[in-house]
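For reference, the chains in residue letters:
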Amino acid sequence: MSKTTATVRATHRYDASPERVFDAWLDPKVAGRFLFATPTGTMIKAQIDPCVGGHFTFTDRRPDMGDVEHVGTYLEIDRPRRLVFDFAVPAYEPTRTKITLEFAPDGDGCVLTLTHEGVFEEYVKQTEGGWSMILDGLERALA
Amino acid sequence: MLDEALIALADPTRRAILARLADGEARVTELAKPFAISLNSVSKHIRMLERAELVRRRRDGREHILALNPNGLDEAADWIEGQRSLWAWRLGRLDQALKEQL
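Residue numbers (numbering that gives the first Met the number 0), protein chains in the order written: chain A, 0 to 142; chain B, 0 to 101.
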């Protein structure tokens with residue numbers, strides 16, 4: 000049974016060096032302000048063990064959903080070029096999805112590309128037919 | 000309905016049926032023709048697409064004509080867009096945090 004996934008991408012240019020932007024993701028004080036944050040939530044916990052295989056926990060307190068804990072593991076740390084980690088929200092769905100960050104120098108700043116793979120797995124249920132849950136081509140189908 | 004739509008889209012035969020219907024409505028027999036599977040299995044796929052409200056069926060005499068429901072993918076597309084805009088918002092927050100560090 001093959002299993003592939005849909006992908007969401009976002010990019011942003013920063014007036015800061017790739018090193019500074021990269022470090023923000025591994026510094027709990029800075030990361031707690033944006034990573035896994037939501038417009039209505041308050042980050043009450045941001046714990047980071049910044050090494051390959053190291054874990055992190057971010058807990059966002061949301062008015063409608065209570066405390067939402069995100070847990071994950073760093074898979075690749077290649078400062079200042081690339082950072083890869085997986086994460087899950089165990090209260091809702093134990094399946095982990097993967098985030099890849101790529102930092103490209105751009106003049107005196109840098110362009111960050113974020114790729115979130117597997118965002119649909121959490122929505123896929125095993126059906127009685129036992130179909131293989133192949134989600135590749137979803138974006139093509141949506142086009 | 001999002002679950003149904005995503006499960007319906009998870010199969011290459013059903014995606015091919017949708018791609019065909021994107022070119023215009025078709026009879027069940029016409030839809031079945033390009034596939035090396037029985038009319039019965041094609042009908043099962045079509046029923047899943049109908050349950051997910053991605054495809055609509057109408058009758059023309061004894062013929063069943065199938066058409067794409069153009070709004071059927073809205074929920075899935077909205078969800079993808081919601082994810083994208085959440086990450087875009089977070090990247091913007093990072094920008095703000097970096098500016099405040101200076």
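Hints were generated in silico from the structure; no laboratory data involved.
Just so it is clear, the structure is predicted and the values come from calculations on it, not from any experiment.
Ideal placement from N, C-alpha and C gives every residue a C-beta, glycine not left out.
Any given hint might turn out to be false.
[As the list claims (entries may be wrong)] Cβ pair distances, simulated, as ranges:
id: 1; chain 1: A; residue 1: Thr-41; chain 2: B; residue 2: Ala-87; range: 37 to 45 Å
id: 2; chain 1: A; residue 1: Asp-48; chain 2: B; residue 2: Pro-33; range: 21 to 29 Å
id: 3; chain 1: B; residue 1: Thr-12; chain 2: A; residue 2: Glu-92; range: 21 to 29 Å
id: 4; chain 1: A; residue 1: Asp-63; chain 2: B; residue 2: Ala-87; range: 49 to 57 Å
id: 5; chain 1: B; residue 1: Ala-15; chain 2: A; residue 2: Val-67; range: 49 to 57 Å
id: 6; chain 1: B; residue 1: Arg-26; chain 2: A; residue 2: Asp-105; range: 16 to 24 Å
id: 7; chain 1: B; residue 1: Pro-33; chain 2: A; residue 2: Gly-106; range: 47 to 55 Å
id: 8; chain 1: A; residue 1: Thr-72; chain 2: B; residue 2: Ala-87; range: 39 to 47 Å
id: 9; chain 1: A; residue 1: Glu-92; chain 2: B; residue 2: Ala-35; range: 46 to 54 Å
id: 10; chain 1: B; residue 1: Arg-56; chain 2: A; residue 2: Val-67; range: 36 to 44 Å
task: Check the following: the C-beta atoms of B:Arg-56 and A:Val-67 are separated by a distance inside 36 to 44 Å.
output: holds (41 Å)
query: CB of A:Thr-72 to CB of B:Ala-87, is that within 39 to 47 Å?
result: violated (24 Å)
- prompt: Using the C-beta atoms of B:Arg-26 and A:Asp-105, is the stated range 16 to 24 Å upheld?
  reply: Violated, at about 54 Å.
- prompt: Using the C-beta atoms of B:Thr-12 and A:Glu-92, is the stated range 21 to 29 Å upheld?
  reply: holds (27 Å)
query: Is it true that A:Glu-92 and B:Ala-35 lie within 46 to 54 Å of each other by Cβ?
result: violated (36 Å)
query: Does the Cβ-Cβ separation between A:Asp-48 and B:Pro-33 fall within 21 to 29 Å?
result: violated (53 Å)
Satisfaction of the hinted span 37 to 45 Å by the C-beta atoms belonging to A:Thr-41 and B:Ala-87: Violated, since A:Thr-41 and B:Ala-87 (Cβ atoms, about 21 Å apart) do not stay within the stated range.
query: Using the C-beta atoms of B:Pro-33 and A:Gly-106, is the stated range 47 to 55 Å upheld?
result: holds (51 Å)
task: Check the following: the C-beta atoms of B:Ala-15 and A:Val-67 are separated by a distance inside 49 to 57 Å.
output: Since B:Ala-15 and A:Val-67 have Cβ atoms about 38 Å apart, the given range 49 to 57 Å is violated.
- request: Starting from the range 49 to 57 Å, see whether the pair A:Asp-63 and B:Ala-87 falls in it by beta-carbon distance.
  value: Distance hint for A:Asp-63, B:Ala-87 is violated at roughly 21 Å.
The structure fails hints 1, 2, 4, 5, 6, 8, 9 (numbered hints given earlier, in ascending order).
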